[in-house]
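Chains as they are written, first to last, in the numbering used here: chain A, 5 to 157; chain B, 3 to 144.
Warning: the hint list may mix true and false statements.
Straight-line Cα separation of at most 25 Å, BS3-like style, residue types lysine-lysine; simulated pairs [as the list claims (entries may be wrong)]: (1) K15/A - K79/B; (2) K156/A - K73/B; (3) K7/B - K84/A; (4) K49/B - K82/B; (5) K73/B - K49/B; (6) K102/B - K84/A; (7) K15/A - K73/B; (8) K15/A - K82/B; (9) K118/A - K102/B; (10) K37/A - K118/A.
Far from chain A, some chain B residues (derived; all Cβ distances over 10 Å) [claimed, not checked]: (11) E20; (12) E32; (13) E35; (14) G40; (15) K73; (16) K82; (17) G85; (18) T87; (19) L95; (20) E111; (21) Q117; (22) E126; (23) T133.
Bear in mind the hints are in silico, worked out from the structure with no lab data behind them. Idealized CB from N, CA, C, for every residue including glycine.
Spelled out, the chains give:
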Amino acid sequence: MPEYLETTVDKFTFRVATDRLYTPQGAWVFWMKPEAPNRVRIGLADYLQQRSGDVAFATVKPVGTKLAAGEMLAEIETIKAMVELPSPVSGTVAEINPALDTTPEVVNQDPYEKGWLAVIETTAWEADRAKLLEPDAYFEAMKVEALEELKKL
Amino acid sequence: MNTDKTRVVVVPCSGIGEPFGTVSREAAYELCEELRPGSTRLLALAKLVLGEPEARELIARHPAVTIDGCKQMCAAKMVKQSGGTVAREVAVLDVFRRHKDLKPEGIAELNEAGQKLARVLAEEVAESLDTSEQPVKGASHV
Chain A
5 MPEYLETTVD
15 KFTFRVATDR
25 LYTPQGAWVF
35 WMKPEAPNRV
45 RIGLADYLQQ
55 RSGDVAFATV
65 KPVGTKLAAG
75 EMLAEIETIK
85 AMVELPSPVS
95 GTVAEINPAL
105 DTTPEVVNQD
115 PYEKGWLAVI
125 ETTAWEADRA
135 KLLEPDAYFE
145 AMKVEALEEL
155 KKL
Chain B
3 MNTDKTRVVV
13 VPCSGIGEPF
23 GTVSREAAYE
33 LCEELRPGST
43 RLLALAKLVL
53 GEPEARELIA
63 RHPAVTIDGC
73 KQMCAAKMVK
83 QSGGTVAREV
93 AVLDVFRRHK
103 DLKPEGIAEL
113 NEAGQKLARV
123 LAEEVAESLD
133 TSEQPVKGAS
143 HV
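Model the full structure from these sequences, guided by the hints.
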């Protein structure tokens with residue numbers, strides 16, 4: 005079980021798992037070292053899944069798809085919006101969470117564990133990794149964004 | 003003589019600003035006014051929130067069908083908190099997942115797909131009411 009940084013904004017509590025890296029948009033990247041040092045698992049951070057709303061469908065590019073960092077990895081349709089998630093890393097889609105077919109709500113219920121989206125076999129991990137945010141940096145950016153969103157209400 | 007033929011009370015979501023909430027209310031109207039007007043009765047969630055005695059009495063006498071627009075399930079929770087029994091607990095999102103082509107859009111006025119989704123939902127609930135001779139006690143999903 006990961007440890008979390010946690011903040012409450014208005015009535016919403018957001019958690020950031022500390023054992024992984026993040027994109028500024030709110031995707032997390034978990035390095036599967038040591039068992040699979042070339043692979044990363046990817047999912048939505050708690051803030052992004054809460055802001056996006058209940059997930060109706062999550063469609064990930066098929067296993068075997070080769071992607072450059074920034075190319076679309078997944079489309080997540082929620083009751084509020086269609087979230088297009090770019091791949092945070094370059095590589096090949098190696099696994100897709102089978103739970104997304106039958107119980108896509110797992111993305112909302114357990115975003116950091118059972119609600120993962122895909123595993124990517126990376127091809128440029130060191131370069132991609134350098135562009136990702138450490139948990140505390142993402143946490144601070146997320147808090148600012150959450151407060152900005154609150155002002156819009 | 004008791005002439006009340008109501009079998010279930012229908013309580014839709016009262017959320018604003020999301021098409022799924024609008025679908026829940028459209029489906030409730032469809033169910034209560036078009037499909038099963040004799041055996042269903044529409045109840046505004048706000049009346050339960052206010053603790054209005056007539057509303058509480060109604061759900062004390064009849065099981066409820068709740069139709070919620072999001073996973074907070076406010077209608078179902080409110081019926082239970084008010085002492086009522088939820089016979090059918092419907093989430094619009096679950097119905098949408100079975101009808102991916104019917105994506106609701108629009109809030110004040112639903113698009114055609116949203117209207118169809120509301121109709122489908124209402125028909126599913128109506129059919130489930132027909133198959134249960136007696137009002138079902140306890141929650142189940144349509």
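Hint by hint, here is what the structure shows:
1. For a cut-off of 25 Å, the pair hint linking K15/A to K79/B stands: about 18 Å separates their Cα positions.
2. Distance hint between K156/A and K73/B is fulfilled; the C-alpha atoms sit about 23 Å from each other, no more than 25 Å.
3. Only pairs whose Cα atoms come within 25 Å are accepted, and K7/B paired with K84/A is rejected, the gap being roughly 38 Å.
4. Straight-line distance between C-alpha atoms of K49/B and K82/B comes to about 14 Å, which keeps the hinted pair within the 25 Å bound.
5. Note on K73/B and K49/B: the hinted pairing holds, with a Cα-Cα distance of about 21 Å set against a maximum of 25 Å.
6. Only pairs whose Cα atoms come within 25 Å are accepted, and K102/B paired with K84/A is accepted, the gap being roughly 15 Å.
7. For the given pair, K15/A sits about 16 Å from K73/B by alpha-carbon distance, which is consistent with the 25 Å threshold.
8. Proposed proximity of K15/A and K82/B is supported: the alpha carbons are some 23 Å apart, at most 25 Å.
9. Among the hinted pairs, K118/A with K102/B is consistent with the structure: their alpha-carbon atoms are about 23 Å apart, no more than 25 Å.
10. Among the hinted pairs, K37/A with K118/A is consistent with the structure: their alpha-carbon atoms are about 18 Å apart, no more than 25 Å.
11. Residue placement check: E20/B does not keep its beta carbon more than 10 Å from all beta carbons of chain A (closest about 6 Å).
12. Look at E32/B: its CB is around 20 Å from the nearest CB on chain A, clear of 10 Å, so calling it non-interface holds up.
13. Residue placement check: E35/B keeps its beta carbon more than 10 Å from all beta carbons of chain A (closest about 25 Å).
14. Every CB of chain A lies more than 10 Å from the CB of G40/B, the least distance being 32 Å, so the non-interface label holds.
15. At roughly 5 Å from the closest C-beta of chain A, the C-beta of K73/B falls inside 10 Å, breaking its exclusion from the interface.
16. Every Cβ of chain A is farther than 10 Å from the Cβ of K82/B; the closest lies at roughly 20 Å, confirming the non-interface assignment.
17. G85/B, annotated as away from the interface, keeps every beta carbon of chain A farther than 10 Å; the closest lies near 26 Å.
18. The Cβ of T87/B lies farther than 10 Å from every Cβ of chain A, with a closest approach of about 25 Å, so its non-interface assignment holds.
19. Against chain A, the non-interface label of L95/B is violated: not every CB pair exceeds 10 Å, the least being about 5 Å.
20. Look at E111/B: its CB is around 18 Å from the nearest CB on chain A, clear of 10 Å, so calling it non-interface holds up.
21. At roughly 17 Å, the least C-beta separation between Q117/B and chain A is larger than 10 Å, which holds for a residue marked as non-interface.
22. The claim that E126/B is not at the interface with chain A holds, since no C-beta of that chain comes within 10 Å of its own (minimum 17 Å).
23. Residue-level check passed: T133/B sits 25 Å from the nearest beta carbon of chain A, beyond 10 Å.
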